[in-house]
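**Student:** Going line by line, the protein sequences match chains A and B.
Quick note: the first sequence uses numbering that gives the first Met the number 0, first residue 0, plus one each step.
Quick note: the second sequence uses numbering that gives the first Met the number 0, first residue 0, plus one each step.
Derived from the structure by calculation, the hints contain no laboratory data.
Quick caveat, the model's predicted, so the values are computed rather than measured.
Be aware that a few hints might be false.
Copies of the same chain are indistinguishable here, so a pair counts whether it falls within one copy or spans any two.
Below, simulated EDC-like cross-link-like pairs (lysine to aspartate or glutamate); rule was C-alpha separation at most 16 Å, straight line [claimed, not checked]:
id : residue 1 : residue 2
1  : Lys218    : Glu51
2  : Lys308    : Asp357
3  : Lys218    : Asp47
4  : Lys309    : Asp242
5  : Lys333    : Asp346
6  : Lys20     : Asp361
Protein chains: 2
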Amino acid sequence: MSYTGQLATYICESRPQDIPKDVRHEAKRALLNIVGCALGGAEHRAVDIAIEAIGPFSGPPTSAVLGRRERFDPLFAALLNGISTHVHDYDDTLPKNYIHASSPVAAALFAYASANKVAGADFLHAFILGFEVISRIGNATYPAHYLAGWHSTGSIGVFGAAIAVGKLQSLTSLQTANAIGLAATQSAGLREMFGSMAKSFHPGRSAQSGYMAALLAQKGFTAALLPLEGPRGFAAVQAGSYDFGKIVDSLGVRFELHDNTYKPFPSGLVIHPTIDACIQLRDKHNLTADQIASVQLRVAPLVKDLCNKKAISTGLEAKFSIYHAAAIGLGRGKGGLAEFTDEAANDPTLRALRDITDARVDPDIGEDAVAVSIRLKDGRGLGMKLEGSLGNLERPLSDAQLEAKFREQGTVISSTQMDEVIAACWNIEAVNDVANVIAACIPKGDRRASRSRQ
Amino acid sequence: MSYTGQLATYICESRPQDIPKDVRHEAKRALLNIVGCALGGAEHRAVDIAIEAIGPFSGPPTSAVLGRRERFDPLFAALLNGISTHVHDYDDTLPKNYIHASSPVAAALFAYASANKVAGADFLHAFILGFEVISRIGNATYPAHYLAGWHSTGSIGVFGAAIAVGKLQSLTSLQTANAIGLAATQSAGLREMFGSMAKSFHPGRSAQSGYMAALLAQKGFTAALLPLEGPRGFAAVQAGSYDFGKIVDSLGVRFELHDNTYKPFPSGLVIHPTIDACIQLRDKHNLTADQIASVQLRVAPLVKDLCNKKAISTGLEAKFSIYHAAAIGLGRGKGGLAEFTDEAANDPTLRALRDITDARVDPDIGEDAVAVSIRLKDGRGLGMKLEGSLGNLERPLSDAQLEAKFREQGTVISSTQMDEVIAACWNIEAVNDVANVIAACIPKGDRRASRSRQ
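Construct the entire structure; sequences and hints are all you get.
**Tutor:** Structure representation (structure tokens):
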């Protein structure tokens, strides 16, 4: 049987009770984190603009959007959930392939479950399957696909959205294979867009495209038989080299959610070690910005490839500036949402710190590491090397830290609602209808006058 | 100025009167042809399924669909127009880059003009600009992009839809650049899908994605500054090699519509020489199928790469079968819509002819050529070599032949309506509101019981 066929068959046959308990717990952590990200991003200007531009074309408003009062058709709601969950770059990351897999899957699933009755156990199951397929296709095509310039959260995320929605629709294996094909042929999203609103559009559009793939496949729309592995299929066209074995090896036995990580800082992952180290140096030496003469960073090649923006003016650009990472660590001693706003990007103190920071590529430094050397105006030299930043697989955020992160982001809803949503995420399998959880994610009262963030 | 910037500036500054008369005439030929294709494909099963699957999520029905009675929101109408115009593989082709540029541009424009008042002269102008941009980006990235496995009608068509709709919206040059970026980051469509419904989905989804790009850009959604030429931009990621000069050289002076061709047969272009030659051999020698013992074709490498399907069972597959091309030419003496139905694919006579046909790659045979050798059961050998098939740039379909092709395809509307639409295409610049032309493309009366084609 083809790889696509094996994948489709597995998806169709998988039952909720086949998923080990520890995997389900990790899925709940991912859900809690991504719902928090949705609430935190729901009022971002990118979401507002998308609603202003595309909202007038929405179909019957059967679906809520996490963190917003408006209702739209579920395909458009999926797009909006995808933007909001990713726009702060605060969502989860698979360090093996740098995919933020929860965003496109959850974006589509919450839109679907708002418009259709879905039990919590089935929702969690569909989420786990969508996440699994993304990470496996990601592993099979990493690093070629990523290095070619694809933003795989979008270009591979589309498969997860199709799988997750298709599972809830109970697609047959043939329909599932066609959904995979229709996802493959919508796979898109360029890394060039990093630093602009289009980055968060990627998981949004992928959630919508994957959802559409499942709808079309259900009604008999056909695609190629070998969309992943054919001579002009996804892997051949969008990755120079690949290993299809990674799609099917130990399928249903080993789960990719075990390799998922949660960000403590709302920014590109590879600048985390620098933020982390600079906060530690500032705290240890009681540093203030005006003491610092210059900062020298040694980083992995990928870091400069992705995050070499120094002259920045927006919060979205700041998320991909290794210089800004050092600046907020040393200048503010923290890296929360407030450090990645347009205001922070234009803060004169932070700009001055960016200007005196230099970053040099050192092939001996890992992608989750940094070496920081600081020269103070009084002539002293300080420094440290950090390997393994907070939030990585060896230093994971605890359940309690994830709850605290949720509360930091979730302020568009009330504290009582936050309690309710946090409890619902941990107990999702007891939820009779996920629409009730979604309802708790909608701000109450008339806050039309509330200011957009960013 | 960047290439993207130059392109955006040109688009913004271009006025209808800047387009030479011969270019406008060629654009009218393209419009007549593509509207005929829309009518011919409007009742295809692929369109029916898309409506069944996605129709329930349509927004306010402000837009008609060419050849259909239903109305939907314009974004969904663009998707449907894109499927119908391309599903029979009967639309126009740019031999320089194998793109069918009219489908995604016209699909989006007709949807837009159905929902918004647009004068015919502005419509024609936007069409010309969208077509121009597609072909230029196609030339700049050909053959690398195509050979990599992209179905460029989709993956590059998206730019044309964005440009054309954006022009009618009077986007600024910055907005136009963002629309190009949002189109680039939605660029998708794999050649692996050839022979399935997903192939026609490509220009449909591209029309919709390009339309969406223009809407988002208009409201301030941001993309990268160098979406085409940046280090992780469209050309670097989706084409191995490229020549950006071809995007801007003689922009506004030399027009790509001069290089457009119109198909006499509803199939992949590279099997046209075989159909043409086999019809000629049958006519010249009064051949019948039962006289033929074997057929030997010598074809260019691309032909077998694209069209090596022998064991076929659907009309969509038949369009990409070099064996079916020989079979219909020899067995039926024609290659109309009826030769590419599921029925034709399963016709025992045609199947038998396919089975006795062999195709060999000969690097000395051009892509618009074939050498046919036939062995008859009575021992005789016949053959011919054809270079330049009917419909190519040297043997173009005349205006009258395009009208006849329109009438062959346009039977979902009345003969009187066809007269009206043909006249309107030739006189589009005198049309006050294109919605009136679109209205003439809608079947009249209640034909709900009419059978779907295919």
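**Student:** Against each hint, give a clear statement of whether it holds in the structure.
**Tutor:** Hints, verified against the model:
no.	hint	verdict
1	Lys218 with Glu51	between (31 Å within a copy, 7 Å between copies)
2	Lys308 with Asp357	within (11 Å within a copy, 58 Å between copies)
3	Lys218 with Asp47	between (33 Å within a copy, 10 Å between copies)
4	Lys309 with Asp242	neither (37 Å within a copy, 30 Å between copies)
5	Lys333 with Asp346	within (15 Å within a copy, 72 Å between copies)
6	Lys20 with Asp361	neither (41 Å within a copy, 60 Å between copies)
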